[in-house]
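S.K.: Given next are the chains, with one letter for each unit.
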Amino acid sequence: MNRVGYELVIFGALLASCCTANQGALGGDLVNTAVNRQIDLTSQLAKFTTTITLENAGKTATTSFVLAIDPSLRDRLSFIGATTKDDDAEKLPVTQTTVPGRTTDILFRVDLPKALGAGQSTTVNVEESYTHAQTPFPAQITQAEDQLVLFKGNLHFYSPYKTQSETTTVKLASSKVESHTKTKAKVEDSSIVYGPFENVEPFSQEKLQVHYENNTPFLAVSSLVRVIEVSHWGNIAVEETYDVRHSGARLKGSFSRYDYQRQLDGRSSVKSFKTILPAAARDVYYRDEIGNISTSNLNEQDDAVELELRPRFPLFGGWKTHYYIGYNLPSYEYLYNSGDEYALQMRFVDHVYDDQVIDDITVKIILPEGSKNVDLSVPFPVDRHPDELHFTYLDTFGRPVVVAHKSNLVEQHIQDFTLRYSFQKLLLLQEPLLVVFAFYILFFTVIVYVRLDFAISKDEASESRMRMQGLLDQLQAAQDKRTSLYQRYEDAIAKFKSTKDLAGFTGSRKKIDAEHKELSSTIKELQGKLKLESTDVAEKVGELQKLDTNLKEQIGLSITLAEKVVAGKMGKQQYVDNEKVYSAKREDIMGKTETLLSTL
Amino acid sequence: MAGESNIRTALSNPAGWQSLLSFSILALAYLAAFSSRLFAVIRFESIIHEFDPWFNYRSTHHLVNYGFYNFLNWFDERAWYPLGRIVGGTVYPGLMVTAGTIHWLLNSLHITVHIRDVCVFLAPTFSGLTSIATYLLTKELWSQGAGLLAACFIAIVPGYISRSVAGSYDNEGIAIFALLFTYFLWVKSVKTGSIFWAGCTALAYFYMVSAWGGYVYIINLIPLHVFVLLLMGRFSYRIFVAYCAFFILGLLLSMQVPFVGFQPIRTSEHMASAGVFALLIAYGFLKYLHTHLSSLTKSEMRSLFFFAVAASAAAVLMAVVYLTYAGYVAPWSGRFYSLYDTGYAKIHIPIIASVSEHQPTTWVSFFFDLHVLVCTFPAGVWFCIKKINDERVFIVLYAISASYFAGVMVRLMLTLTPVVCILSAIAFSNVLERYLVDDTPKVHHIEDESEDDEEGDKRNKSKDLYDKVTKTAGKVRKIRHEPSGEPESLGGNVKTIVVMAVMMILMMFAVHCTWVTSNAYSSPSVVLASYNHDGSRNILDDFREAYYWLRQNTDDHSRVMSWWDYGYQIAGMANRTTLVDNNTWNNSHIALVGKAMSSNETRAYEIMKALDVDYVLVIFGGVIGYSGDDINKFLWMVRIAEGEHPKEIREGDYFTPQGEFRVDKAGSKTLLNCLMYKLCYYRFGEMQLDFRTPPGFDRTRNVEIGNKDISFQHLEEAYTTEHWLVRIYKVKKQDNRVRLDHTVRKTDIKPKTKFTSRKSGKRKRGFIKNKLLIKKGKRPSSKNKKPSRKSSSKK
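Protein chains in written order, with the working numbering: chain A, 1 to 600; chain B, 1 to 795.
Please note: incorrect hints may appear among the correct ones.
[As the list claims (entries may be wrong)] Dumping the calculated DSSO-like pairs for lysine-lysine here, alpha-carbon to alpha-carbon at most 30 Å: (1) B:K609 x A:K252; (2) A:K320 x B:K678; (3) A:K569 x A:K500; (4) A:K320 x B:K732; (5) B:K609 x A:K320; (6) A:K458 x B:K139; (7) B:K733 x A:K252; (8) A:K458 x B:K191; (9) A:K91 x A:K364; (10) A:K546 x A:K580; (11) A:K497 x A:K572; (12) B:K708 x A:K252; (13) A:K481 x A:K511; (14) A:K252 x B:K678; (15) B:K733 x A:K320; (16) A:K271 x B:K678; (17) A:K511 x A:K495; (18) A:K252 x B:K732; (19) B:K732 x A:K271; (20) A:K585 x A:K540.
These aren't lab readings, by the way, just hints derived from the structure by calculation.
Turn these sequences into a full structure, and let the hints steer you where they fit.
M.R.: The structure is reproduced here in structure tokens:
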């Protein structure tokens with residue numbers, strides 16, 4: 001309902017504008033003094049290039065003139081454009097118009113660059129392209145036959161003005177002509193010249209029919225969906241989905257690979273074609289529903305990337321295929337900004353193959369999440385559909401999608417569109433922050449889960465084990481410190497021996513003694529606690545204490561020995577011998593302590 | 001000072017190091033398992049491989065598009081035309097549901113991954129999980145070190161990779177994970193005797209049931225384990241609790257899978273589990289009585305007990321046999337019977353025998369798939385038997401049964417591979433434990449030996465008692481010190497040499513695995529590749545070319561007849577209706593297609609008309625020398641057709657009188673004129689592949705074909721791919737008027753028009769064929785006139 005309403009509004013607006021702005025008279029008393037028409041039928045298109053010399057036979061100056069579309073081809077019109085016949089070939093604006101009294105005709109008003117005064121004349125080039133204007137006849141051929149097509153048109157230049165003199169040249173794809181309209185015709189190799197005709201009345205029609213061989217590929221894109229995904233991180237991803245068919249004469253009977261491989265026939269079939277992508281295109285892929293299509297070649301050139309596409313199978317008349325192409329483009333070539341205002345300038349439709357015919361195209365432009373104030377301008381009229389939302393990586397509220405549709409396009413439609421929108425740069429940080437936050441929550445949960453005990457019932461054994469582990473760690477630390485004290489004892493003794501400073505030695509000894517006492521009491525305390533958890537371990541700690549007392553005794557002996565030797569009560573040699581015994585014992589006890597600790 | 005000592009203690013804390021190390025080793029094993037399976041994706045593309053995966057992919061696609069309930073109720077009218085197939089009820093949905101769930105999860109997080117990519121990378125993802133499950137199982141069975149080795153082995157062993165490369169989207173990909181995880185949980189529940197673990201086992205078993213038909217292996221192996229434990233007199237209430245909880249829950253859960261349904265209580269394959277359950281209950285009951293009947297002496301008690309158990313076992317067996325005979329329980333199906341008798345399938349079910357992966361395994365493939373592991377595997381079994389306990393009984397049984405099955409069928413290599421990895425890891429870990437001893441300073445050694453040994457014994461005891469008080473920290477120390485008892489005699493050089501040799505073997509194993517994976521198991525088989533002399537690659541994409549042609553340029557409802565191998569691919573890639581496919585549930589339908597292929601064109605046309613066939617698709621490898629084509633499979637078509645239509649199709653007709661299968665001039669006339677032959681070789685006789693060979697030279701069979709003059713009356717060539725690998729023919733509609741294939745017999749009859757004109761012209765009444773022409777009213781010469789006059793005068 002909403003959409004219908006929207007369309008109605010658009011339609012109404014269009015209608016109103018048509019009625020007011022574009023309504024006009026035929027534009028005074030203009031006369032086509034000379035008309036030279038070229039009808040190019042060498043491809044599947046019918047390309048008209050008309051050179052018109054206009055003369056203002058009236059009294060008032062006119063700024064525009066009207067072009068009329070031949071009624072026999074009116075549904076086939078794809079493109080119309082006009083330029084001045086100068087060196088610089090200025091493009092003239094062409095707009096559709098209506099004229100009272102000629103409601104059935106499709107008319108276009110061309111604005112001239114400067115007003116055409118009375119009696120003056122000017123020359124204009126008009127270019128028209130018609131699609132599907134050549135119909136295969138016969139409609140079905142076998143693999144070995146050539147494709148014959150029929151073109152029906154107007155022998156005269158269909159114009160609202162009187163034409164004084166005109167000639168028409170029809171260029172054909174081959175010199176093999178089955179039949180053609182004979183009126184004032186002159187066949188020259190692969191072209192037919194009609195005329196010159198003199199003083200042709202306005203809106204005059206006469207049948208022009210040519211039946212001839214045309215084996216050029218009649219390849220048509222039935223529908224094309226072009227998705228452009230803009231990322232502000234520097235990339236524009238383009239994906240185009242094609243439905244392609246061979247719109248020429250249908251294949252009758254069987255397809256023989258043997259004959260096809262001998263390359264004797266199947267001349268109208270499509271084996272491969274070339275698509276030209278932008279020069280900056282990277283990561284090109286060519287796939288369909290069942291995977292990569294391995295028959296393609298990529299050729300990188302300076303100004304473009306040439307993609308030689310071969311469908312999985314050759315396309316004969318009536319056969320169709322479906323595929324998609326995608327590539328990435330750097331955004332700096334297409335995306336412009338000033339502050340938070342952005343403008344995307346890209347081609348509305350790109351090159352698919354030479355002399356392309358696209359029946360329908362839908363362009364979808366996916367903008368970054370949070371883009372606002374979207375405004376699309378295309379150089380030719382398109383249907384703008386309501387915006388959609390697209391969700392992809394890390395999106396929360398969706399990316400706006402601009403959708404535009406147009407039917408019946410040819411290569412003249414390869415023109416740029418401009419899409420303006422505003423986007424706050426700060427929003428760029430939203431997605432990375434989202435990831436950071438998600439990981440933060442994940443790690444936090446893990447931390448909480450690991451640290452806290454969620455068990456319903458208490459696991460006594462493991463708790464006691466954990467408590468014990470804690471106590472043992474403390475024990476280990478205390479024991480380490482205590483062991484280091486003995487080193488200090490020895491150092492003190494050595495110092496005492498060299499300095500013979502008894503007072504200093506006693507002082508330091510007392511200090512170490514005090515520390516030792518403190519540590520021993522700590523260990524004792526720990527032992528008491530450990531006893532609650534495991535008597536086994538506590539016993540071992542008791543053993544440890546015993547060993548330590550032993551060690552202490554040893555060191556005490558060593559100290560007395562040192563005092564003796566310093567006091568001179570003992571000979572040097574005797575001291576050394578004794579000390580050796582003591583230190584060996586100490587080593588022994590230390591080793592035992594170490595092993596005992598390692599079993600804890 | 002304090003901080004420093006903290007760090008020191010943290011670094012010297014072996015538990016921390018160990019868990020970090022094992023975590024990183026497992027992470028690396030996961031990574032290796034995942035990345036070594038990506039050869040095909042890197043060389044070709046992210047594509048579904050082979051045949052069955054295409055069906056799985058198609059049904060996953062259906063599940064994703066239409067939801068779970070529509071998937072369960074899915075009636076696929078595009079398969080088995082005109083019968084159709086109830087997919088929801090004839091498929092193990094675990095795989096599709098897994099992939100669908102992952103896809104759903106990712107997409108609900110707006111990670112737009114295509115379902116195809118989920119399917120392609122599912123098997124590698126689950127291979128990583130398998131290696132973790134293997135680690136857990138091995139850790140329960142032996143030690144952490146062995147577990148890590150096993151995880152690394154299973155990550156790269158070709159026997160498992162063959163079924164789980166990226167793109168091989170098949171049941172086995174996730175089923176091996178489910179299998180090992182179930183076994184891990186079972187071992188855990190046997191060890192703990194807790195209902196929680198048994199419940200988990202049942203859940204894992206449910207996942208396995210939903211994923212693969214191989215679940216029958218679990219439901220027979222676990223009862224076997226329990227039964228053997230009973231026989232060994234190792235009954236305990238832990239086993240009783242674990243098995244009863246697992247059996248009841250597992251039974252109920254497995255019946256929730258639509259494809260399984262009532263099979264767990266109606267088929268012989270499941271009866272062993274029920275029997276063991278009954279036996280266990282009886283045993284438990286007798287044990288209970290035992291406590292009350294203390295009046296009897298011990299020996300009396302024992303004999304009574306033994307008798308009662310034997311009687312109950314016999315009763316259970318009798319009950320099962322009776323139920324089978326009475327028809328309540330279905331007897332063993334042919335597929336299982338063929339595991340017992342390898343010749344059975346070839347005679348009775350040719351369709352099973354025709355699949356190459358159902359052939360018996362060759363010795364070569366054992367080495368090819370397992371390399372050095374196949375040699376060390378018996379050592380692992382020996383270690384397990386030497387230090388037997390409840391759960392090691394299980395792994396030994398697993399090893400024995402899986403070895404047997406792997407010998408019977410190539411495909412079942414897959415179930416053998418994990419146990420080989422586990423047991424080899426145990427063997428290797430034992431060797432390394434012995435020889436890779438850290439030479440700690442002797443000072444400690446001599447003194448702590450006595451203590452250490454004591455402790456080691458204690459730990460062994462505690463292990464038997466499943467007392468988990470000893471932490472892993474203790475274990476490592478044990479590992480370091482335990483062997484120090486005897487190998488003091490081993491010199492450092494011997495140790496180094498042994499360790500070097502083991503490392504070398506393991507290195508060669510890794511190299512072999514990579515090579516096999518890269519060369520043998522990483523071809524998508526949908527895309528073929530050939531290499532030129534200069535190393536550049538040619539891709540032969542004929543299959544997809546043909547399928548895509550069908551998809552784009554035929555009517556949406558057209559029916560394609562082909563041999564059943566290609567059914568899933570046609571359905572998946574071409575999206576067209578097929579007559580038969582890889583789900584070979586209807587033998588007679590397949591036989592009908594086989595019959596059409598092996599009859600002459602007229603007969604075949606009758607069948608094709610009856611089956612509404614629009615297109616016929618054959619695979620022909622004669623141009624490029626592709627050996628897996630339809631002519632090479634043709635004898636199986638004949639055999640299967642003969643099984644159902646013995647009067648019309650006889651295998652002998654397709655052989656030469658000497659009993660050879662030949663496609664050249666000497667081949668049998670029946671073969672040279674049957675539909676398959678004509679479809680494959682149509683216009684091939686005109687084609688000259690190179691100048692050394694005559695036209696019509698078949699590169700696969702290296703002969704010049706015998707029938708070069710092939711024309712069709714009811715068919716026409718619709719499409720042939722670039723390398724002639726796939727040929728598609730269109731079946732013509734019937735003519736309005738049946739044309740005669742012989743010229744009309746010529747007679748001397750004058751055209752009718754002449755006759756009528758004469759009749760009307762001269763008003764004659766009749767016309768006699770070949771009448772002598774008598775010219776009337778013409779007088780003979782003057783001589784003759786006289787007698788006539790005379791006669792007239794007489795009158």
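S.K.: Are the hints correct? Go through all of them and say.
M.R.: Hints versus structure:
Between K609 of chain B and K252 of chain A, the direct Cα distance comes to roughly 22 Å. Compliance with the 30 Å bound is thereby established for this hinted pair. Restraint check for K320 of chain A and K678 of chain B: satisfied, since their Cα atoms lie roughly 29 Å apart, inside the 30 Å limit. For a cut-off of 30 Å, the pair hint linking K569 of chain A to K500 of chain A stands: about 14 Å separates their Cα positions. Among the hinted pairs, K320 of chain A with K732 of chain B is consistent with the structure: their alpha-carbon atoms are about 22 Å apart, no more than 30 Å.
For the given pair, K609 of chain B sits about 28 Å from K320 of chain A by alpha-carbon distance, which is consistent with the 30 Å threshold. Simply put, K458 of chain A and K139 of chain B have alpha-carbon atoms about 26 Å apart, close enough for the 30 Å limit, and the pair holds. Taking the CA atoms of K733 of chain B and K252 of chain A, the gap is near 15 Å; set against the 30 Å cutoff, the hint holds. At most 30 Å may separate the alpha-carbon atoms for a hinted pair to count; K458 of chain A and K191 of chain B meet this at roughly 21 Å.
For a cut-off of 30 Å, the pair hint linking K91 of chain A to K364 of chain A stands: about 29 Å separates their Cα positions. For the given pair, K546 of chain A sits about 22 Å from K580 of chain A by alpha-carbon distance, which is consistent with the 30 Å threshold. Our distance criterion of 30 Å between C-alpha atoms is met by K497 of chain A and K572 of chain A, whose separation comes to about 11 Å. Simply put, K708 of chain B and K252 of chain A have alpha-carbon atoms about 25 Å apart, close enough for the 30 Å limit, and the pair holds.
Taking the CA atoms of K481 of chain A and K511 of chain A, the gap is about 14 Å. The hint holds against a cut of 30 Å. This hinted pair checks out: K252 of chain A and K678 of chain B have alpha carbons roughly 22 Å apart, not beyond 30 Å. As the CA atoms of K733 of chain B and K320 of chain A are separated by approximately 23 Å, the hinted pair is consistent with the 30 Å bound. Between K271 of chain A and K678 of chain B the alpha-carbon distance is near 28 Å, which keeps this suggested pair within the 30 Å criterion.
For the proposed pair K511 of chain A and K495 of chain A, the alpha carbon gap of about 15 Å is at most 30 Å, so the pair holds. Of the supplied pair hints, the one linking K252 of chain A and K732 of chain B holds, its CA atoms being roughly 13 Å apart against a limit of 30 Å. Distance hint between K732 of chain B and K271 of chain A is fulfilled; the C-alpha atoms sit about 27 Å from each other, no more than 30 Å. Between K585 of chain A and K540 of chain A the alpha-carbon distance is near 20 Å, which keeps this suggested pair within the 30 Å criterion.
Consistency with the previously given hints is maintained throughout, with no hint failing.
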